[in-house]
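**Q** Each chain is listed here by its residues.
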Amino acid sequence: MMRLALWLLGALLLGGIVHLATVLLLPSLASQDAYARVSAIAPVNAIIPVPPPTPENEVMPFMDPAFAISVCRYDLSRGSLKFSVPIGQAYTSVSFYTRGDVAYYAINDRAAGRRTIELDLMTAAQRADLPENEDITRADRLIVTSPTTTGLIVIRALTPEAGWIPGARNTLAAARCRQ
Amino acid sequence: MQLLFGAMLALAVAATVGLGTTWIALTRGTAYGGVTIGAWTAWPKSGTAGIDPYARAMVARTGELPVGSGDGVAFYAWTDNAGEALDGRCDVLLSGITPQARFWTLTLYDPEGHLVANSVRRQGFTSQEIIRKSDGSFDIIVGPRVRPGNWLPTGGVEKYQLVLRLYDTPVGMSTRSESEAPMPSIKKGTCQ
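For the record, the sequence lines run as chains A and B.
First residue of the first sequence? That's 1 in the numbering used here, and the numbers climb one at a time after it.
First residue of the second sequence? That's 1001 in the numbering used here, and the numbers climb one at a time after it.
Not one of these hints is a red herring.
Label-pair restraints from in silico Cβ distances: (1) Glu1084/B with Ile165/A: 35 to 41 Å; (2) Gln89/A with Arg1121/B: 23 to 29 Å; (3) Gln1192/B with Gln179/A: 52 to 58 Å; (4) Arg1122/B with Pro49/A: 20 to 26 Å; (5) Asn57/A with Ser1119/B: 14 to 20 Å; (6) Ile41/A with Glu1180/B: 38 to 44 Å; (7) Glu1178/B with Ala173/A: 38 to 44 Å; (8) Glu161/A with Glu1180/B: 25 to 31 Å; (9) Thr149/A with Glu1180/B: 37 to 43 Å; (10) Arg114/A with Thr1027/B: 40 to 46 Å; (11) Glu1084/B with Gln89/A: 38 to 44 Å.
If you only want the chain B side, here are some residues facing chain A, beta carbon under 7 Å, derived: (12) Val1017; (13) Ile1051; (14) Arg1056; (15) Asp1168.
Reference listing, derived: stretches of chain B covered by chain A, where coverage requires no fewer than 3 residues with Cβ under 8 Å from a Cβ of chain A: (16) 1020 to 1026; (17) 1059 to 1066; (18) 1098 to 1107; (19) 1121 to 1130.
Keep in mind the hints are simulated off the structure, nothing from the lab.
C-beta: ideal position from N, C-alpha, C; glycine also.
Using the sequences provided together with the hints, build the complete structure.
**A** Set out below in structure tokens:
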């Protein structure tokens, strides 16, 4: 009896380890995560419109149907990236996700405080390599540091009513994401 | 022989316990740091680099992109205020006001996060579309049959969830109580 209890105790401990290991490993093993789903439609370092979600067809689950969405799947391995999007009449936001779908930075039109959201995206190493004085002249430019070399930039423009869709699409079409 | 039996039993129990708890944790939404107001729960930290491992694993499993904290916050409801699961064959009344935000959207999804097909092709409301009462509050009827006013069709599905997303809002990690963030109540009505 005592022996069985010991075996069970050991089993529970091992079960706990299995639980923690699976939870921690799952993000790196998932083959159908958002990055993989977007990769199927988006080339590297270019803005691509994401089709609006419908009950029959969607790129990802939990998409907000009230928004027009474009993505830029970025790869910083060959240098930093310049990103810009004009601000239209409706709410516009830009969210940055790592390769592992972690939302590490997001900015909206009001926080940007200008007619365009304009920024430089680079890795920590590329930022460290920036010449000192260039850093100063660029002080008016927003620099975003990506924790991973690849990732996603998602631009969302609100379409509160159907009539807003063309305007939102125009805003998104004017977005730029290039090296 | 006894040793072999013990080891087999222990491994079987370990696998069941380990994988079972992972499955439950990821399907029931048990991430840390949830803000629960009435029937609604949000995980504001999931929209930041400080996202906890459970929420990360959940996001990887579903394949969604969480709303970034500089963008907004998403509140989820699977049950009504009485704790009963939302059933698409019943009428459900959402009423009240929403927390301070530039605007909000309400969307109906099936349990896996897919939009639900219905005859009028309506999957949700935005704060600009809603018909309000004179005091600024609103009623939304979520149900299978056509209703006057703000009707959100369920398509008659058995189970669904509601997601209320607040954009450009002060609601976030420091929000704790209903007085800071008044969310609409969810009440069950008649069933088919």
